[in-house]
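Work out the full structure: start from the sequences and follow the hints.
Order-wise, the sequence lines are chains A and B.
The numbering used here numbers the first residue of the first sequence as 131 and each following residue consecutively.
The numbering used here numbers the first residue of the second sequence as 6 and each following residue consecutively.
Hints were generated in silico from the structure; no laboratory data involved.
C-beta atoms are modelled at their ideal positions from N, C-alpha and C, and glycine is treated no differently.
Among the clues, some could well be false.
Here are some, though not all, of the chain B residues that point toward chain A, as calculated from beta-carbon distances under 8 Å [what the hints assert, rightly or not]:
id	residue
1	LEU171
2	PHE174
3	PRO175
4	ASP180
5	LEU209
6	GLU211
7	PRO212
8	TRP233
9	THR235
Each computed DSSO-like pair below joins lysine-lysine, with the alpha-carbon atoms no more than 27 Å apart [said to hold, decoys possible]:
id	chain 1	residue 1	chain 2	residue 2
10	A	LYS301	A	LYS174
11	B	LYS203	A	LYS174
12	B	LYS64	B	LYS121
13	A	LYS174	B	LYS204
14	B	LYS188	B	LYS256
15	A	LYS142	A	LYS244
16	A	LYS185	B	LYS241
17	B	LYS251	B	LYS188
18	B	LYS256	B	LYS203
19	B	LYS204	A	LYS185
20	A	LYS301	A	LYS346
21	B	LYS204	B	LYS251
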Amino acid sequence: MSGNPWSEIILKDDEISAHRIGPLTVYLKKVLNELWIGSARDDKNDGDPLPLPEKPDWNRLALPEEFSTFSLTPVFPDRPVVADSEFHYRILKNSGARIYTRIPAFVRIVPADKPDLVLAEIPTVILSETWFGIFTEGELSYALSTTARRKLVQEMYEPHMVICPVQIENKSDEDLRFEKLCLRVERLSVYINDGVLWADETSVMYNGREINSDVKTTGTIPPEAGGGAIITSPRETVKSTVATRTFKLLKELHFPGF
Amino acid sequence: METLWGLFESYITEDRLFQLIRIAVILIAGFPLLALVRRAIVRYVSGNYTPHYGMLAGKLFFYTGTTLLVITVLHEIGFGLAPLLGAAGILGIAIGFASQTSVSNVISGVFLLAEKSFQVGDVVSVSGNVGIVLSIDTLSVKIRMFDNRYLRVPNESMVKSEFINLTRFPIRRVDCRISVAYKEDLNRVSEVLFDVAKKLPYSLEEPPPLLIFDQFGNSSIDLLFVAWTTRENFLKLRNGLNMGIKERFDKEGIEIPFPHVSVYAGSATSPLPVDILSGNSELITEPAGKPSLPKKD
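This is the structure we're talking about:
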């Protein structure tokens with residue numbers, strides 16, 4: 131990994147500063163106590179920042195005081211994320227598996243002196259929406275275009291992607307066959323080591339079709355990361371273990387509504 | 006005049022004066038107090054539960070309180086409760102006969118509230134009228150239609166007739182009925198339709214969009230394409246989907262055919278007789294089987 135895009139930015143009055151994070155380029159401009167924020171995206175995941183569009187779609191924010199240094203920090207999406215398993219997956223009873231998903235981070239812009247004052251959050255990748263649940267109840271979530279994998283490989287490391295290790299344990303009396311996995315990312319922290327973003331290790335205990343799974347967030351950096359420091363706290367501070375619906379089982383929902 | 010004053014003096018004794026003052030205090034303090042507490046209850050219940058329950062709790066409190074106030078005032082005046090209830094029973098029967106519709110609406114209102122088929126804030130369709138439920142009152146349901154007209158539906162009608170709650174469930178399906186010409190490659194049409202849905206931000210990936218072959222129509226192959234979205238984004242997806250499909254069909258050269266009719270006179274092979282009008286509207290008639298060009302001037 132080369133370069134760390136998650137850095138502090140010092141802005142001079144009326145000067146436009148452009149920063150590339152994966153496919154996203156963020157433009158910042160300070161005018162007195164106003165901060166102007168713009169963005170653009172392309173299909174590449176690295177390179178120089180994109181030139182400012184001819185008609186940038188600026189968002190103007192009047193700040194409570196004049197700041198000159200701002201931070202770009204990675205944060206998880208604001209909704210749960212549904213990941214596809216690489217293939218329809220089957221975990222036999224009393225077995226377990228460790229999988230890795232990559233989640234595109236949102237860029238959070240804050241004044242360096244006041245990290246609690248969130249000025250904007252911009253997704254590095256526009257994620258499509260999906261429904262996790264049944265027709266009468268469920269959760270609006272983001273759908274991941276990338277699939278979950280069993281092994282970490284070099285191409286998974288990208289500056290805008292957070293790697294989430296998930297340990298799945300099947301403690302039920304039946305085989306777990308699933309095609310999708312819902313990650314409650316709002317409960318996860320983001321860690322950084324050598325420019326790679328990592329999430330807390332999450333363990334999911336499957337207890338059976340009719341029972342919610344126990345999802346446990348360890349609150350520590352996973353061993354695969356080889357160390358590192360926390361960069362963003364979870365959006366929601368909750369109990370370390372929650373019981374929630376996590377898997378979309380095979381042949382569970384799919385009647386198209388007729 | 007003196008006789009009247011005398012009568013007044015004999016009626017307004019000290020006890021009676023205090024009684025009147027008590028009644029005045031009960032009424033003057035009671036109703037504002039009821040209104041204040043009702044407002045607090047509505048705010049609390051709406052905040053902690055739903056506006057529907059807030060309204061229900063507020064009404065329950067207000068009507069109970071008003072009844073108690075009236076009974077208290079009557080008691081102060083000197084009416085006994087037992088004969089009053091007896092009289093109320095007889096009066097109730099009389100009023101009941103006289104106002105069957107109103108009573109039916111009141112009872113229907115109770116059923117509507119208990120059944121919870123819809124709540125304040127839901128979007129409902131009643132007899133083809135679509136709007137947002139403003140309140141469920143004693144006699145009627147008040148609805149603000151989307152063109153900002155005010156619709157009052159008697160509770161009895163709501164109980165008796167069918168209505169559709171459009172926002173009961175969190176996701177909704179958008180249906181697009183599409184016709185394409187017989188010459189089109191349906192696999193290509195299918196690819197285009199799914200691609201249009203995929204590119205629309207409001208179209209949910211799950212439940213997935215679906216293409217259904219509807220029928221071989223008179224002038225076209227009729228298809229039904231459906232996609233899902235959250236109830237808030239229903240109109241955005243419907244507009245986006247229909248406009249996107251038209252745009253992509255134009256770009257890809259996929260024909261949306263107009264209804265057309267082939268007319269044959271007698272046998273399928275003989276040409277039709279044609280009347281051709283010349284420039285000066287002179288009628289030129291050619292016999293069947295001999296088509297000709299217009300004559301030159």
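Okay, the hints, checked on the actual structure:
1. At about 14 Å, the closest approach between the beta carbon of LEU171/B and any beta carbon in chain A exceeds 8 Å, and the interface hint on this residue is violated.
2. Among the interface hints, the one on PHE174/B holds; its C-beta lies about 5 Å from the nearest C-beta in chain A, closer than the 8 Å criterion.
3. For PRO175/B, the shortest C-beta to C-beta distance to chain A is roughly 7 Å, which falls under 8 Å, so the interface hint holds.
4. For the restraint placing ASP180/B at the interface with chain A, the shortest Cβ-Cβ distance is roughly 10 Å, beyond the 8 Å limit, so the hint is violated.
5. Because the closest C-beta pair between LEU209/B and chain A is about 5 Å apart, less than 8 Å, the hint holds.
6. Hint status for GLU211/B: holds, given a least beta-carbon distance of 4 Å to chain A, under 8 Å.
7. Given hint, PRO212/B at the interface with chain A, holds; its Cβ is 6 Å from that chain's nearest Cβ, closer than 8 Å.
8. Of the supplied interface hints, the one on TRP233/B holds, with its beta-carbon coming within about 7 Å of a beta-carbon of chain A, less than 8 Å.
9. About 6 Å separates the beta-carbon of THR235/B from the nearest beta-carbon of chain A, less than 8 Å, and the hint is met.
10. A distance of roughly 42 Å separates the Cα atoms of LYS301/A and LYS174/A; the hinted pair therefore is violated under the 27 Å criterion.
11. For the proposed pair LYS203/B and LYS174/A, the alpha carbon gap of about 20 Å is at most 27 Å, so the pair holds.
12. Distance hint between LYS64/B and LYS121/B is fulfilled; the C-alpha atoms sit about 16 Å from each other, no more than 27 Å.
13. Our distance criterion of 27 Å between C-alpha atoms is met by LYS174/A and LYS204/B, whose separation comes to about 19 Å.
14. Our distance criterion of 27 Å between C-alpha atoms is met by LYS188/B and LYS256/B, whose separation comes to about 17 Å.
15. This hinted pair checks out: LYS142/A and LYS244/A have alpha carbons roughly 18 Å apart, not beyond 27 Å.
16. The hinted pair formed by LYS185/A and LYS241/B meets the criterion: a straight-line CA distance of about 25 Å does not exceed 27 Å.
17. Between LYS251/B and LYS188/B the CA atoms are separated by roughly 18 Å; this keeps the pair inside 27 Å, and the hint holds.
18. With a C-alpha separation of about 17 Å, the suggested pairing of LYS256/B with LYS203/B holds against the 27 Å cut-off.
19. As the CA atoms of LYS204/B and LYS185/A are separated by approximately 23 Å, the hinted pair is consistent with the 27 Å bound.
20. Distance check on the hinted pair: LYS301/A and LYS346/A sit about 14 Å apart at the alpha-carbon level, within 27 Å; holds.
21. A threshold of 27 Å between alpha carbons decides the hint, and for LYS204/B with LYS251/B the separation of about 14 Å falls inside it, so the pair holds.
Violated hints for the displayed structure, listed by number in ascending order: 1, 4 and 10.
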